[in-house]
Structure formats: C-alpha cells, structure tokens
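*Asks:* Using the hints, put the two standalone chains together into the complex.
Chain residues, written in single-letter form:
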Amino acid sequence: MKRSFVLLFVCALMLASCAARAPQPIAAAPLRGTGDLGLIIEREKGSVLIIEHSTDTALGRVEGLGDLSHAAAVISRDGRYAYVFGRDGGITKVDLLTQTIAKRIVQAGNSIGGAISADGRIVAAQNYAPGGVKLFDADTLELLADIPTLDSATGQASKVVGLADFPGNRFAFSLFEAGAIWVIDASNPRAPQVTKYPAIGKQPYDGLGSMNGRYYIAGLYGEDGLALIDFWHPEAGVRRILDGYGRGGEAMPVYKMPHLRGWAVSDGRAFFPAIGHNAVLVADTRDWREVKQIPVAGQPVFAMVSPDGRRVWVNFAFPDNNTVQVIDVPTLSVVHTMKPCKGVLHFEFAPRGEEVWLSCRDDNRVEIYDTQTFARKAVLPAQSPSGIFFTWRSTRLGL
Amino acid sequence: MSAGGRALLLISIAVAGFAQAQPLLSQSQPAAERQQQLLHLLRNDCGACHGMTRKGGLGLPLTAAALREKPDELLVATILDGRAGTAMPPWRRFLTEAEAQWLVTLLKQDTP
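In order, the protein sequences belong to chains A and B.
Numbered as in our numbering, the first sequence ends at 400 without a single skipped number.
Numbered as in our numbering, the second sequence ends at 216 without a single skipped number.
Same shape as in the complex, but just chain B (with noise of 0.2 Å):
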C-alpha cells in the first residue's frame, strides 16, 4: 500500500470512530421541522434567562465550554424537570426526552 493510501485509510477508520462515537444523535434526530421549532425555543425562550448567545444572563452559561463537564443525564433531568431552589423551570410540557437529549448534544457541540 502507497503513503497516500495508508493515510485514506486512517482517515476512514477514524472518521468510522467519530461516527460510532454518537450514535444517540443519529437515532433519535427530531423531524426537521421540529429541530427549526426547539432551536428556535432555545434562542428565544431558554435565552430569555441564558442569553440568546447562550453566554448566560440570569441563568448560567450554556455554551460548550460551561457544560463540558457535566454529565448528559443531569443537564436532560435539569431541562424536563427544572431545578428546585433556582428559577429554573421544568420543560417536560414542552418537550420529550429524545428532544432534550438532542438540545443537551447541540449545546455541547457549541452549535448555533
């Protein structure tokens, strides 16, 4: 095998890993339509408190570097069931688990 071609297939095998690295994202990607509805409710409504930038405001930061450390099960338990003795609300009305999970992965990627 040339250089060129041990390197593609480096470059397969670990674009192969990042993909079997999120395999959560893949499956339980909302409907486009409704991916517009809950980026748009994470503007909007989850940055009336956490800014609009998501960089925090009477709420904490949400952007990639502020959530890096915390677990995906706490920050989807925070969003469906609020936090008592904060002014966050729970969003269970509003949203399903798969939804929360997809926000909790999009935050963390720092995506707009």
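Okay, chain A solo, but in the shape it has when bound (with noise of 0.2 Å):
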C-alpha cells in the first residue's frame, strides 16, 4: 500500500515537472488548427522556432535538428509535420502541434533540400554528398528508393539542386555537374521510372516547379539563360528560355546562388532572379520571351509573388543583404525599397499576404512587416534566422 503510494507521489511529480518543461501532450492540449503555424530555422543552434502568424507570436523551439546551416522545409498533407532538411543529411520530421521531433533520420552527408509528392505518402530529399535522390514514407520515413547520380562513365556523381514535385507522384530535379534534369516517376514508389533529359545548360544551380504544376525551369550558373520543360508537351523536350539574357555584358561575382523556389509568376509574366546582374528578369509566359530586365539593388536572391500576384518582394545577395525592394507588377517597376536589418536571408508571405516575414540573421530576430502599408508590426527575437516556412506550403505543387 504504501509503496503504491510512493509510485503514485512519483508519477504525479514526474508529470508536473514534464508540463512545466515541454508542451503539453495533445491530449491535454485544447484543439487547434494547424492553418496559421509555421516554422522559422535557426540555422547556428541547429533548432527551429514553432510561430503562429495569427498572432505574430513564436509558440516555442525545437531542438536538436543537426546542421542546418542550409535548410529547407516541406510540410505534411495535413499540415501538422514539417520535414526539415539540413546540411548534414537529415530529414527531421517535427510535430507543429506537441512541438516536438516525431522522427529523425540521417541519410546522406550532405544534402539542402527536399520535396513532397502530390499525393503527400512520399518525401523525397535531393542529395549533394554522395549525390542523388532517395525517397522516403511520409509517415515512417523508411527508405523507398534510392535514385543515384553516379555517371559510370566519369565516376562523378552529380550534386542534385532544384527538386520539384509534380502532379501524378512526379519529381523533377537538376544535376549541376552533368548538366541534366531528370524526372521521376514515383506512381509505384518502390521503383520509380526515371527519364533524363541531358545537356539543358551548363552548371544548373537550382529549379522550381510552377505552382500550376505545368513547368519545370532550372536556373544556370554556367549559362545565360533558364532551361524549361512543358509538362503538358514533355515529349517537346527541353527549351532554353530567357537565353543570353546578359547579352555579352560582364557578368558580376555571384556571392550567394539565387533560389528559384516560391518564385513568381503573376499577370501572364514569370519574374526571376538574374545571375550575376542586378536585375530581375520579367517573361512573358505563353512564349517565354524576355518582356524587361528590371533594375534592382543588388544580385537578387528570392523574387516571390504576393499571393494576390500584386507585388514581387525581392532580396539580395551579400553584400546588399541588408536590403528588400517590393516590385509593382502592372507597372514592372520598383515601388518601395527599405533596409529592414542585416542579413535578410528569407521571407514568408501570410496565406493571403496581408503580411510578410523577414528573417534577420544577423541581427537575430524576424521583423512582420504589413504588405499594404509596408509598416513594420512585430518582431521576434530569433537565434540567426534563415528559412521561413509556413502551414500553407503543404497545399501548393511545387512547394
């Protein structure tokens, strides 16, 4: 009797102290959505910050992410787990709701980013070390397949940048050394059907899906120019677009590869980051031909859409890190310009975009600014903020 007793003291005290410390088990937990979280990587302490855009506030941290000073996010079906990319192979399965690391796997050693299939069962992580794609259950992430870059014919395996999801469990993704994209069939995940499309550019350093889930566009460094494949027309292979788009000009150092994910596509034009000039270059997107290069202050990053098409918000490579200029679509010109804070690494938009946040790495924090009065609303204190990704994410091809 008195030994139960002694158990009973035990476990009462052990659940307190747990309460005080993590979250609250679900259980206990009032109901809630999951539509207005999201999450922000700390890239030095390897954590992410769980944030609730309802109310600009962070709902706490997630430690023990491994490397993630180069990582991105994808998001669960049902919006409750993001699936965390870092540099060091790892794909981390977080619960937005317990706060908490439901799974971690280490699959490769080096890696900076992934995808989500269509039909949300399949996550799919793009390799730099030792290169290649492996596809993993949503649920379990146990291994399905693994689809290495390995040429026989050099011994050099690719580093894969630009995957991409697509309708029918598709994948598209980019090989920087061979200069190739490939797509992956994963109808029967288990043994996916790969076509490769060879010599689409030199050195591409990073694709996107569009969000209709019709184009693939990868970016190349080697190249002037965009390499793009029309899903609806794939037996048309692969065609340059946007090509000499420096027209023989000098091309700048490049400090920090743009990121042509979330990218921009509104009123019948595509906005993308030029490399190696300031500019952000604007096609017109039933023939993809060059419409205007807009000037801008320095080597664009990330050229992002509003999600009412209106503006294009734009970031900058080092050493104009400190700066973001907002880009009038009708007008394709720059209507504000402001210098939030150092290292602005990232921005996430709000779903419908009445606000966007900023990631400050080297000033620590995340600024919320409002998109119609670019007046700042809130900021949270962040260790070396990077990626941001919110809940909304899980319902777009491409992201």
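Since the hints were derived computationally from the structure, they do not count as laboratory data.
For clarity, every value in this text was computed on a predicted model and none was experimentally measured.
Quick reminder that beta carbons are idealized off the backbone N, C-alpha and C, glycines included.
Some chain B residues judged to face chain A by a derived CB distance under 10 Å, without partners named:
hint, residue
1, Asn148
2, Gly151
3, Cys153
*Replies:* Set out below in structure tokens:
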C-alpha cells in the first residue's frame, strides 16, 4: 500500500515537471488547427521556432535538428508535420502541434532540400554528397528508393539541385555537374521510373516547379539562360528560355546563388532573379520571351510574388543583404525599398498575403511587415534565423 | 641536470620551435574586432557555398584535411581573385591580402 503511494507520488511529480518544461501532450492541449502555424530555421543553433501568424508570436522552440546551416522544409498533407532537410543529410519530422521531433534520420552526407509528393505519401531528399535523390515513406521515413546520379563513364556523382514535385507523384530535379534534368515517376515509389534530359546547359544551380504543376525551370550558373520543361508537352523536351539575357555584358561575381523555389508568376509574367546582374528578369509566360529586366538594388536571391499577385518582393545577395525591394506587377517597377536589418536571408507571406515575415540573420530577429502599408507590425527574437516555412505550403504544388 | 629539468628544457625548445614555425600569423593578425567580422564572413558568406561547418556544398569542402596539401599562396589567390570557370567569386573588394592569409591559416588549423 505504502509503496504504491510512493509510486503514485513519483508519477505525479514526473507529470508535473514534464508539463512545466515541455509542451503539453496533445490529449491535454486544447484542440486547434494548424493553418496559422509555421516554423523558422535557426541555422547556427540547429533548432526551429514554431510560430503562429494569427498572433505574430513564437509558440516554442524545437532543438536537436543537426546542422541547419542550409535548410529547407516541406509540410505534410495534413499540415501537422514539417520535414526539415538539413545540411548534414538529416531529415527531421517535426510535430508542429506537440512541438516535438516525431522522427529523425540521417540519410546522406550533405543535403540541402527536398520535396513532398502530390499525394503527400512520399518525401524526397536531394543530396550533394553522395549525390542523388532518395524517396522515403512520409509516415515512417522508411527508405523506398534510391536514385543515384553517379555517371559510370566519368565516375562523378552529380550534386542534385532544384527538386520539385509534379502531378502524378512525379519529381523533377537538376544535376549540377552533369548539366541534366531528370524526371522521376514515383507512382510506384519502390520502383520509380527515371526519364533523363541531358545537355540542358552548364551548371544548373536551382530549379522550380510552377504552382500549376505545368513547368519545371532550371536556372543555369554556367550560361545566361534557363532551361524549361512543359509537362503538358514533355515530348517537346527541354527548351532554353531567356537565352543570353546578359547580352554578352560581363557578369558580376556571385556571392550567393539565387533561389528559384517560391518563384513569381503573375499577370502572365514570370519573374526570375538574374545571376551576375542587378536585375529581376521578366518573361511572358505564353512564349517565354523577355519582357523586361527590372534594375534592382543588388543581385536578387528570392523574387516571390505576394499571394494576391500584385507585387513581387525581392531580397539580395551579400553585400546587399540588408535591403528588400518591392516590384509593382502592372508597371514592372520598384515601388518600395527598405533596409530592415542585416542579413535578410528569406521571407514568407501569410497565406492571404496581408503580412510578410523577414528573417534577419545578423540581427537575430524576425520582422513582420504589413504588406499594404509597409509598416513594421512586430519583431520576434530568433537566433540566426534563415528559412521561414508556413503550413499553407502543404497545399501548393512545387513547394 | 635532473631528468625532470631535461624534460622541461625539451618542452621549452619544442614550444619555441612551434612559435617560430608560425611567424606570419603573429605578424599579420587583424585587430580583434576585425577578426570577429572575418569569422562572421567565413561562417555565413563563405559558408553559403562551402557550408557553415565547411564540409562543402555547391563549393568544395574547406576543412583542414581538404586544404592540407594546397599551398597558402594558391588559397590566398583563390580567395582574393576567385577561380575562373567555377562559382568562386573574388573577395578582393572585401579583404586585404593579410586578412586572406589569416583566414587560410585559420582554415588549415580547423579553427571554428
């Protein structure tokens, strides 16, 4: 009798201390949705902040995600989990509701990102070392398939960049060294079919899938231009667009590679960061001809359209990464310039775009702006923040 | 001289020898504040391609093991002037030669 009392007491103590330190177990927490949740990568600390954009607050921090010096996340179909891909080849499945790590694996030596399939059942990781793409079960993170990029002729395994999902559980990605685009049909995820498009151009550095699932576009570092596949006409193969946009002009040194994911399409135009030039490239999406090169404050890293399509927000590479500019879509001109903080690495819109969150790496904070007035609404402390990923991404192709 | 004294002498000689092997480092140390800026640049801006922990990314690894066989002059020149045909840009606009040398010495020692 006495012994069982002691046991009960110990149990109660343990429960109390758990409740004080850790997030409440889900059964005890009030019911809530995940539509206004998201996470912010803290790159040096290897942690993520769980945030709620209805209240512009941080709800908690999850630690132990490994090397997040370059990291990206995709969101599960139900909006509850984030799969965080770290530089160390780790994939960490974070439960946004309980603020805990549901599962973590290390699947490669060096990795920078991934994608999730149209049906939400497959998580795909793109790897630098040893190269290639791996497919995992989204529930268990069990390995389903390995698609190596080793070229038996040269003995070189290409780094994989620009992995994006497409309808029919397909994925497309680019091979940096080989200068190729590969498309995986993972409708049978344990036996994916690979279609290879060689000789697409020199050194593709990133790629994107359009939000209607129609286009895959790879940006080229080694040439002035981009490579495009139209999935409505895959038999047409890869075509070059915006060829020679530098027009023989000398490219400036590139201190940070642009990112294409989260690209901007609005009003029949696509907006791309130019590489080696202080410009945002605008192409007509009907024929992909160049419409304009918009001069901007530096070399763009991200050019992303607000959800209403009216404006394109742009951040910049070192040494101009203290600046953010806003382009007006109808007039294709810069309408706002601000210098919010040091080291603006990334930004994310709320689902309907009334506010935008900026990560300020060197100032250890995240700033939240009203997108209509450009007024600062809130500041949240964050340690060396980089990528910001809200749960609305789970509902979009290409993200 | 006792055995202990001899050992001490030997250690002293070894330490002196070690100090002499690195005259460049001590002569061209950037000021403390500048060192912090350079370390920040190394972690974040070099790290954008080479990884914050320097294990490589789109750029090659910059670990001590990866750099050991490469002469300092080559590495300093690569930092200052970039390397044609690759994505490595020139940093001469942001760094002096002495600062580049300081970074190379640091990298070869795997200092954080």
